[in-house]
Amino acid sequence: MKIFAGMKESSADGEMYGETSGKLILSYEDEDGQTYTAEKEISTVINPLDLSTDSSQTEEKKQGVSLQWYIGVIAAVVILGTAGVIIYRRKAKQHEQE
Numbered sequence: 049m050k051i052f053a054g055m056k057e058s059s060a061d062g063e064m065y066g067e068t069s070g071k072l073i074l075s076y077e078d079e080d081g082q083t084y085t086a087e088k089e090i091s092t093v094i095n096p097l098d099l100s101t102d103s104s105q106t107e108e109k110k111q112g113v114s115l116q117w118y119i120g121v122i123a124a125v126v127i128l129g130t131a132g133v134i135i136y137r138r139k140a141k142q143h144e145q146e
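Be aware that the sequence shown starts at 49, since it is given in the working numbering, and climbs by one per residue.
No wet-lab data here; the hints were simulated from the structure. Everything numeric in this text was worked out from a predicted model, so none of it was measured. Backbone N, C-alpha and C define an ideal beta-carbon position, used for all residues, glycine too. Be aware that a few hints might be false.
To be verified - Simulated restraints on C-beta separations: (1) Ser75 x Gln116: 46 to 54 Å; (2) Ile73 x Val93: 15 to 23 Å; (3) Glu77 x Ile119: 55 to 63 Å; (4) Ser114 x Gly70: 43 to 51 Å; (5) Tyr84 x Tyr118: 53 to 61 Å; (6) Val126 x Gly70: 55 to 63 Å; (7) Thr68 x Val121: 48 to 56 Å; (8) Lys139 x Trp117: 31 to 39 Å; (9) Leu115 x Tyr65: 35 to 43 Å; (10) Leu74 x Ile127: 49 to 57 Å.
Unchecked claim - Below, a list of computed lysine to any residue pairs in the SDA-like style, where the Cα atoms sit at most 20 Å apart: (11) Lys71 x Thr83; (12) Lys88 x Leu74; (13) Lys71 x Thr85; (14) Lys71 x Glu89.
Please put together the full structure from these sequences, using the hints given.
Here it is, written out as structure tokens:
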């Protein structure tokens, strides 16, 4: 089985980006040993990777993370406070019954 997945060397053909085409060949064998082959012409456009960051999106992500953090802290305080009140009331009832 031959498979290539990776980056081609830029020195080999010069330009790495743009339109490219090729042939996809799928070959397989069934349980009886008969080989089947299918070929398909394909083409695609390879664009350069855009590594620039949009500062507004970065700021929105930071605000979203900090908002989630605050909500988590508030939820934890509410849960712990509720548990504390329940425990306090149970202990108070036990002291009354004694």
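Legend entry - Indices of hints not satisfied (ascending): none
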